[in-house]
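Chains as they are written, first to last, in the working numbering: chain E, 2 to 494; chain A, 16 to 305.
Hints are supplied without guarantee of correctness; some may be wrong.
Claimed, not checked - No more than 30 Å apart at the CA atoms, straight line, and that leaves these computed lysine-lysine pairs for DSBU-like:
| id | chain 1 | residue 1 | chain 2 | residue 2 |
| --- | --- | --- | --- | --- |
| 1 | E | 29 | A | 47 |
| 2 | A | 39 | E | 456 |
| 3 | E | 29 | A | 228 |
| 4 | E | 333 | A | 22 |
| 5 | A | 101 | E | 398 |
| 6 | E | 333 | E | 163 |
| 7 | A | 198 | A | 228 |
| 8 | E | 162 | A | 47 |
| 9 | E | 163 | A | 47 |
| 10 | E | 29 | E | 138 |
| 11 | A | 47 | E | 166 |
| 12 | E | 29 | A | 39 |
| 13 | A | 106 | E | 398 |
| 14 | A | 116 | E | 398 |
| 15 | A | 47 | E | 33 |
| 16 | A | 116 | E | 138 |
| 17 | E | 402 | A | 116 |
| 18 | A | 106 | A | 95 |
Worth flagging that the hints you see were computed from the coordinates, not collected in a lab.
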Amino acid sequence: MSRISKIDRRLQDKQEAVQGDLYANRVKVYPKTVRGRMRQIKWAVLIACLTIYYVLPWVRWYRGPNQPTQAVLLDISTQRFYFFNLELWPQDIWLLAGILIMAAVALFLVTSLVGRVWCGYSCPQTVWTDLFMWIEKEIEGDRNERMQRDASPLTADTIWKKFLKHSIWLAIAFWTGGAWIMYFTDAPTVSVDFWTGDAARPVYVFTGIFTLTTYVLAGWAREQVCTYMCPWPRFQSAMLDDQSFTVTYQGWRGEPRARGKRGEGVTGVGDCVDCGVCVTACPTGIDIRDGIQLECINCGLCMDACDHVMDRTGQAKGLITWDTMARQVAKKSGTVEPIHLLRPRTLIYVTALTVAVIALSVALATRSTLGLSVQRDRAPLFVPLANGSIRNGYTLKIVNKSQLNGAYDLSISGLTGAGMAIAESDPTPEPMLRLLGSSDEVETFRLLVTARPDKLVDGAQPMDFILRDTTTGAQTVYHSTFMGPPGYAGGTP
Amino acid sequence: MPTKIEKDAVSGRDTTGHEWDGIKELDTPLPKWWLWTFYACIGVAFVLFFLYPSIPYGPGYWHGVLGYSQRKMVDEEVAKLTAIRKVSLDKIGALSFAEIKADPALLEVALTDGRITFAENCQPCHGAGGGGHIGYPALAAGAWLWGGTLDDIQQTVTHGIRSGDPDAHNSAMPHFGADGLLKPEEVQQVADFVWATFYGHAKPGEDVSAGAKIFAENCAACHGENGEGNRLVGAPRLNSRIHLYGDARETIVSQVTLPRQGVMPNWNARLSPATIKAVTLYVHSLGGGE
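The whole structure should be built from the sequences, with the hints applied where relevant.
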């Protein structure tokens, strides 16, 4: 029988105490700092993510005169979304749906291959919590020091250190909330206006909200967010199977765990020396040796911690390692199970991802900056005129998403002898109209189409509006209908 | 539901004792901070009760200390909107039609105001979008009795037709049949002529010369020799594909025998001059404007 470590006992005591209670006290987690490969990767991802987040709003991008100069800007007031070269309108919101589908499938794929690495490395909750923990460690010291400090009576030093820690947390939280706002309004302007009191009220409100959420979630809530608030841990198991790589304690190698020396002459014990560093290093306070569990965010810090111990006890590294459940079963029985990256699940995810990427790329590449939409008048459906011809009314909207004023030729096909006129101006019908559309605007025209078709089957005839950009030659077609009295035959009753 | 609390073998925890199709639930305690968050939310609810209108009692309700009232907000919004509208309506009232048309923003306001005014006042007779009904001219088709320029339309809308207003358009077609000015067979003859010549139903070999003679003597004075109508006296154009009282031959007979005399109210009694101008611009824009 293996001995139960001190940390295990502490956790078990806690669990026994709450057994049967409706509400449980939070077991505060004091993660111990570790060094190693996984920690380095975590720092690299953290620095990359935070750099992008804080710096991106300050990147400038020239689009033309009187255009916003911010590379990434979600301008709610003018309903324009800028991403470097790309300018999106609210009508393009389906692109966002496409991007979200892509992100979701990519997340499924990554999870089915290597487990919850999103949770462990790049989730904002993890990234900011990691940053806040690092600050905590720099000020208050490492795990043991912090536990001791919290258990001892308050001293001036403790008060000062806690004050300093929370001040820095709040400063970072404020910077985070401020950076969020900068994605929605011009960064240099708002960073001045904020302090002169000229910024809009939502700027202050949202900066306040995001400051508070960052401070509370990263400073106080931490692993509670992952365990109790986040839906992802609840359905991650649907993406995982026994071929997915996850942070795994190799029980066949480690058990039976026991304290003491390893080496020549030591038999009957596994490689695990039951030191508990994997538990103390864990940012969510779990024991990886219990197997894969809801709270595990797959960050691999326990691997780093354990590797040091393996080194010291003269054993092979990787008692805790990335592996699949199937390979663990095989290893236990002494066989070798190959790695299966290509499985029906991953192939389906890859296919879905490829389709989404291609569809989105094609949609983006062929996205037109010229749009035409036509709405037929419903009342009256048509107007018979004194000379026997018929007139239909339409409301035309020309969408010019480009940065240049446009001149367009509007013509009609499928309706011989049709004449068009803009209602409010000169009402003389012309076969072709020259319409102007200001840059970055939607222009609305009331169009009157007069025609004398030879006959109208069922009182209606399909026809097309063709809009041609006179500078680029780009064309857009809108299918519509021309209506008249049923039984109409060339204007003779 | 059977309640059998047992110890879960894997986690070592108690179950809630509930079972659904073999699925049992662990009795995992809720974190205390969560509980306190609930309590805080309840506390906030009471604060909101205090601040905002909430508890009803007997004849009234607790108004809240902030004085919040949606009715008041609506009144304020409407007052604000009325003030904004007044600026453009005053402008529309003061400027000429040409000046309004030269200002696209103002024209848009006028057309919108006109559209709503039309829908509320004119549409029941003249139809949505001015499509017209039997007995009510199709404004969109430009079947004007008294003229289709902006000034003509403004005049008609302001004073009406046979409305009793001193400046109203008045005209009276004689009761040719009812008063015995034409004999019944003469009425039929003139109807034959109008039906064949102006309504476009000429049959080969049909002789309508008798009707033509009657038309020239009795009708042409107002309706014109070629049935082109006369807007000075409000005489409808006959040589057209659209007709005020419908396209059937019987309507010609009944109209010659005992004419219907349509009435349009004088809207100066109900609409402000600026609004009349706006509705005039709208009617003119429907496609029949001249």
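- prompt: Honestly, which of those hints from before does the structure not fit?
  reply: 2, 3, 6, 16
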